[in-house]
Amino acid sequence: MGDQVVVLGAGMHPWGKWGKSFVEYGVVAARAALADAGLGVADVQYLAAGNTMRNGYPGYVSGSTFAQALGWRGIPVSSTYAACASGVVAIEAARARILAGKADVALVVGADTAPQGFFGPLPGDRPTDPDWLRFHVLGATNPTYFALYARRRMELYGATPKDFAAVKVKNSRHGLANPNARYRKEFTEDEIAESPVVADPLRLVDICATSDGAAAVVLASAEFAARQADTARQVRIAAVSTVTPTYPNTYLDMPDIATDSAIGATLPERSFRDSIAHAAYEEAGLGPSDLSCAEVYDLSTALELDWYENIGLCAPGEAESLLHSGATTLGGRVPVNPSGGLACFGEAIPAQAIAQVCELVTQVRGEAGERQVDGAKVGLSINQGLFGHGSSVIVTR
Amino acid sequence: MGDQVVVLGAGMHPWGKWGKSFVEYGVVAARAALADAGLGVADVQYLAAGNTMRNGYPGYVSGSTFAQALGWRGIPVSSTYAACASGVVAIEAARARILAGKADVALVVGADTAPQGFFGPLPGDRPTDPDWLRFHVLGATNPTYFALYARRRMELYGATPKDFAAVKVKNSRHGLANPNARYRKEFTEDEIAESPVVADPLRLVDICATSDGAAAVVLASAEFAARQADTARQVRIAAVSTVTPTYPNTYLDMPDIATDSAIGATLPERSFRDSIAHAAYEEAGLGPSDLSCAEVYDLSTALELDWYENIGLCAPGEAESLLHSGATTLGGRVPVNPSGGLACFGEAIPAQAIAQVCELVTQVRGEAGERQVDGAKVGLSINQGLFGHGSSVIVTR
Amino acid sequence: MRPDPGKARLPVIEGMFREESDGSGRLLGGRCPTCSAVFFPKQWSFCANPTCDGSTLDDVELSTRGTLWSFTDNRYAPPPPYPARDPFEPYGVAAVELAEEQMIVLGQLASGTDIARLTVGAEMELIVEPLYDDGESVRTVWKWKPVQDG
Amino acid sequence: MRPDPGKARLPVIEGMFREESDGSGRLLGGRCPTCSAVFFPKQWSFCANPTCDGSTLDDVELSTRGTLWSFTDNRYAPPPPYPARDPFEPYGVAAVELAEEQMIVLGQLASGTDIARLTVGAEMELIVEPLYDDGESVRTVWKWKPVQDG
Ligand SMILES: [Zn+2]
Ligand SMILES: [Zn+2]
Chain X
266 MGDQVVVLGA GMHPWGKWGK SFVEYGVVAA RAALADAGLG VADVQYLAAG
316 NTMRNGYPGY VSGSTFAQAL GWRGIPVSST YAACASGVVA IEAARARILA
366 GKADVALVVG ADTAPQGFFG PLPGDRPTDP DWLRFHVLGA TNPTYFALYA
416 RRRMELYGAT PKDFAAVKVK NSRHGLANPN ARYRKEFTED EIAESPVVAD
466 PLRLVDICAT SDGAAAVVLA SAEFAARQAD TARQVRIAAV STVTPTYPNT
516 YLDMPDIATD SAIGATLPER SFRDSIAHAA YEEAGLGPSD LSCAEVYDLS
566 TALELDWYEN IGLCAPGEAE SLLHSGATTL GGRVPVNPSG GLACFGEAIP
616 AQAIAQVCEL VTQVRGEAGE RQVDGAKVGL SINQGLFGHG SSVIVTR
Chain G
266 MGDQVVVLGA GMHPWGKWGK SFVEYGVVAA RAALADAGLG VADVQYLAAG
316 NTMRNGYPGY VSGSTFAQAL GWRGIPVSST YAACASGVVA IEAARARILA
366 GKADVALVVG ADTAPQGFFG PLPGDRPTDP DWLRFHVLGA TNPTYFALYA
416 RRRMELYGAT PKDFAAVKVK NSRHGLANPN ARYRKEFTED EIAESPVVAD
466 PLRLVDICAT SDGAAAVVLA SAEFAARQAD TARQVRIAAV STVTPTYPNT
516 YLDMPDIATD SAIGATLPER SFRDSIAHAA YEEAGLGPSD LSCAEVYDLS
566 TALELDWYEN IGLCAPGEAE SLLHSGATTL GGRVPVNPSG GLACFGEAIP
616 AQAIAQVCEL VTQVRGEAGE RQVDGAKVGL SINQGLFGHG SSVIVTR
Chain S
695 MRPDPGKARL PVIEGMFREE SDGSGRLLGG RCPTCSAVFF PKQWSFCANP
745 TCDGSTLDDV ELSTRGTLWS FTDNRYAPPP PYPARDPFEP YGVAAVELAE
795 EQMIVLGQLA SGTDIARLTV GAEMELIVEP LYDDGESVRT VWKWKPVQDG
Chain W
695 MRPDPGKARL PVIEGMFREE SDGSGRLLGG RCPTCSAVFF PKQWSFCANP
745 TCDGSTLDDV ELSTRGTLWS FTDNRYAPPP PYPARDPFEP YGVAAVELAE
795 EQMIVLGQLA SGTDIARLTV GAEMELIVEP LYDDGESVRT VWKWKPVQDG
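Those protein sequence lines, which keep their order, are chains X, G, S and W.
Our numbering applies: residue 266 is where the first sequence begins, and numbers increase by one.
Our numbering applies: residue 266 is where the second sequence begins, and numbers increase by one.
Our numbering applies: residue 695 is where the third sequence begins, and numbers increase by one.
Our numbering applies: residue 695 is where the fourth sequence begins, and numbers increase by one.
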């Protein structure tokens with residue numbers, strides 16, 4: 266375990282629409298994580314942050330922005346972007362620096378403000394930017410892709426809109442008791458059926474909103490952690506996966522207009538989405554049956570079902586049965602999105618993957634209150650960002 | 266030396282204005298670095314890249330962009346931004362991953378296309394973005410700051426425009442034999458005196474241009490490097506510094522409109538610029554007298570003189586004497602910018618700090634041809650990016 | 695406002711596709727002369743197959759027929775840079791698998807396509823239709839249209 | 695085109711400074727009630743001194759006089775978002791050290807300032823002048839002006 270980094274603290278700014286700067290949110294989350302760790306700004310030897318692309322230069326150099334806002338102390342910083350996976354790439358930067366022996370304590374921060382409605386590209390005319398191209402030429406928004414995936418699931422496995430609604434019902438119930446969640450309202454199947462269709466077969470409530478929010482964690486070397494007064498609440502990072510696809514990637518990933526061609530190439534052993542958790546399991550020496558709970562990226566309700574299979578909770582095509590069995594509901598065998606997930610949070614891009622880890626930390630500490638997963642010992646988070654960014658973290662008590 | 270990472274290969278795309286995508290430049294540099302290392306794409310276990318903010322989404326996720334362009338292979342990537350220091354923050358990400366034991370071989374890439382004329386902020390209206398603010402409210406361009414620093418140097422130390430011109434004469438001579446340099450023309454003092462004043466006391470030729478360009482290095486663990494057939498050309502990274510300022514930062518750094526206030530605070534032991542090289546020397550266990558050569562960030566001719574003092578080649582106020590003594594000219598005691606520096610390259614933001622390292626690698630290998638520093642053994646690169654990003658690398662034979 | 699049929703027709707992005715005189719379309723991609731991989735759009739000048747060091751791509755026209763992999767519709771106007779008409783007109787989007795190229799290519803559905811009557815696996819063909827009117831010309835885009843039986 | 699003197703005068707950015715009726719200016723910053731540090735502009739709601747956990751800032755007006763730390767001029771038009779006039783008019787830029795606040799604040803030099811006659815260390819005062827005309831109002835900015843002797 267000597268090569269495992271320890272999470273000493275986790276903190277968040279509640280998700281919502283607060284009308285402030287992302288820096289304000291991030292500082293609140295960072296100070297909360299430090300307080301949770303029993304440490305101060307002076308203990309931080311490295312700061313890694315996830316960038317936001319909608320807030321000008323301070324967002325491009327988020328590591329430096331938060332270092333300045335918390336008070337310049339000469340420490341090295343990094344500012345990384347990996348779309349929705351940004352938070353975990355920042356966690357990995359901090360973990361690597363600690364494992365390299367260059368820092369004992371590192372702070373990881375992600376914060377964002379989000380526009381109302383669809384995410385769209387920044388201003389400008391960029392025909393060589395695939396993200397600009399898919400909007401301009403096709404009007405293919407993120408929900409367009411989510412709907413294509415959902416329809417595919419219906420075709421392949423006979424999923425129905427009622428199955429998707431059941432995911433929303435579950436997650437909305439999970440989030441009721443989460444003080445950091447933006448939406449704390451229990452949805453019924455009837456209410457969902459009345460929600461307007463955005464992109465068939467998905468309705469407005471099937472698709473996650475965009476939010477302001479922030480999350481932070483304090484990481485430390487095992488040696489530093491062992492010297493702290495209170496070791497009972499410490500959580501270990503057993504794995505971090507930040508894998509990319511393997512050529513040819515024949516699944517239609519955002520924001521591409523076309524997949525790779527499989528001509529003249531050998532198909533990879535597993536799909537990109539399957540490979541994300543696989544790499545995490547390999548590093549941790551654990552498997553799906555070891556999980557107490559999971560936080561998966563439910564950009565849409567249907568996508569949560571895909572993740573069940575991608576992380577090995579069940580075989581392909583069995584996610585609907587697993588859901589209806591209650592296994593992924595709080596009280597079940599392996600609750601998924603005990604936090605309420607994106608359904609209750611909405612998306613705050615560089616913060617989201619860190620927020621997933623905050624929830625896992627809270628769960629394996631046994632501090633999740635009404636949404637506590639009984640006896641939680643091992644948690645896995647997973648998400649996927651535009652342009653081939655996989656992200657998964659496994660934490661253990 | 267077991268904790269030192271080795272540079273196995275270095276490669277560049279020549280600087281200039283070529284009208285292509287930054288991806289094309291970066292791939293040329295990456296393939297050149299791999300070929301120089303005697304390795305292929307299949308050997309790369311991690312890819313770290315420096316972002317460009319002027320090329321849409323592919324530029325924000327440069328690590329993923331280059332991974333896809335070189336061929337998806339499932340490897341973890343990171344995409345970091347730190348303004349002019351981006352390249353070294355990417356090098357540090359790769360070094361940390363290797364030192365952490367998570368990769369044996371890592372590729373680092375930076376590439377950019379640059380607009381003609383002044384760098385300006387991206388489109389939009391962002392009064393909370395200090396970089397937007399300084400342009401909108403004050404019209405304070407980068408050369409405005411360079412000129413303020415140059416005037417300060419004249420005031421404090423009696424520097425003259427003729428001293429600044431002498432830097433240009435030296436660097437333009439150094440770059441003559443560099444095939445990757447954009448400008449290969451020797452400047453005379455008379456020609457410089459005819460150049461139009463951009464921001465008094467600086468003339469057009471005192472200020473570096475903007476360029477397209479790319480640079481890449483292949484890093485490896487000491488163990489992996491030792492197993493390679495040809496170890497004679499291997500170069501060690503003795504230190505990487507990516508420090509930030511210490512509060513209160515009372516020097517006027519870009520893009521700020523005001524400095525920190527010193528009220529109620531203890532001034533730091535050394536200035537931010539002094540602290541950048543200091544951290545590198547500390548890590549390497551070396552000092553200024555050990556340097557065979559240095560690559561310093563000559564955004565302006567006057568700034569090169571500041572760096573002489575910041576890296577300890579001479580005491581404050583003695584840079585002009587050191588320059589005129591010939592010590593920093595090829596053939597002198599410690600040649601500075603043997604590559605020709607930014608004066609001959611122009612700035613390609615995420616590539617520049619990597620290009621500095623490429624030059625040092627070439628020098629300590631003894632492969633610099635007509636611009637070779639005799640018996641080069643230790644080289645230091647240094648630069649500073651907007652928003653408090655220090656960057657310095659020390660390489661040794 | 696409907697595009698003026700008398701205006702010149704120009705592709706929304708030059709070089710991505712070509713319109714034939716019969717209204718059918720040709721997607722313009724790149725093919726690696728070394729490993730035969732096909733790329734659409736032709737983003738770069740080199741091959742992105744990691745086992746291939748091809749540094750040029752030939753021009754290639756992609757197949758004009760394929761099978762429907764998935765589909766949806768967009769009932770709310772996307773943000774810019776989508777050139778949404780005012781009032782907004784919903785449109786369908788299809789992902790179509792090309793057998794020869796072994797790849798999937800997105801496109802809007804031909805106007806008038808009823809997605810309630812579509813099924814995954816259906817045969818689709820490429821046509822060109824107006825996307826918007828830039829004032830001087832009608833800007834066109836490729837679209838996928840169900841092949842009419844018989 | 696010169697700003698129309700009959701129009702309303704508005705600060706280029708609301709809340710950064712205030713104009714007095716005599717044409718002098720007041721920079722609006724934040725002061726930490728705990729450690730007394732001053733910040734300009736008032737970017738955030740908390741103190742950025744790492745040894746202080748102040749989470750509020752009071753409003754404060756900065757000193758209106760200081761000494762010249764350095765200066766230059768801009769002879770070529772900056773890119774947007776600088777609201778350059780056409781034809782471009784060069785302008786000076788000054789960095790001024792405020793003794794009480796122990797900080798340096800940038801500003802353009804008052805129009806008509808001859809930089810050939812400036813010296814580092816000179817006493818400077820804050821004034822407000824037009825920056826550009828947005829069509830509806832004259833947008834103003836703070837500037838540094840050499841204090842006239844006697
Ligand atoms: Zn090929
Ligand atoms: Zn304070």
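No wet-lab data here; the hints were simulated from the structure.
Hints may contain errors.
[To be verified] Which residues of chain X face chain W? A few of them, derived with a C-beta cut under 8 Å, are:
id	residue
1	E289
2	L304
3	V306
4	A307
5	W337
6	R338
7	L469
8	L587
9	G591
The structure displayed is predicted, hence computed values, not measured ones.
No residue lacks a Cβ here, since even glycine has one placed at the ideal position from N, Cα and C.
ask   = Hint by hint, which ones does the structure fall short of?
value = 2, 7, 8, 9
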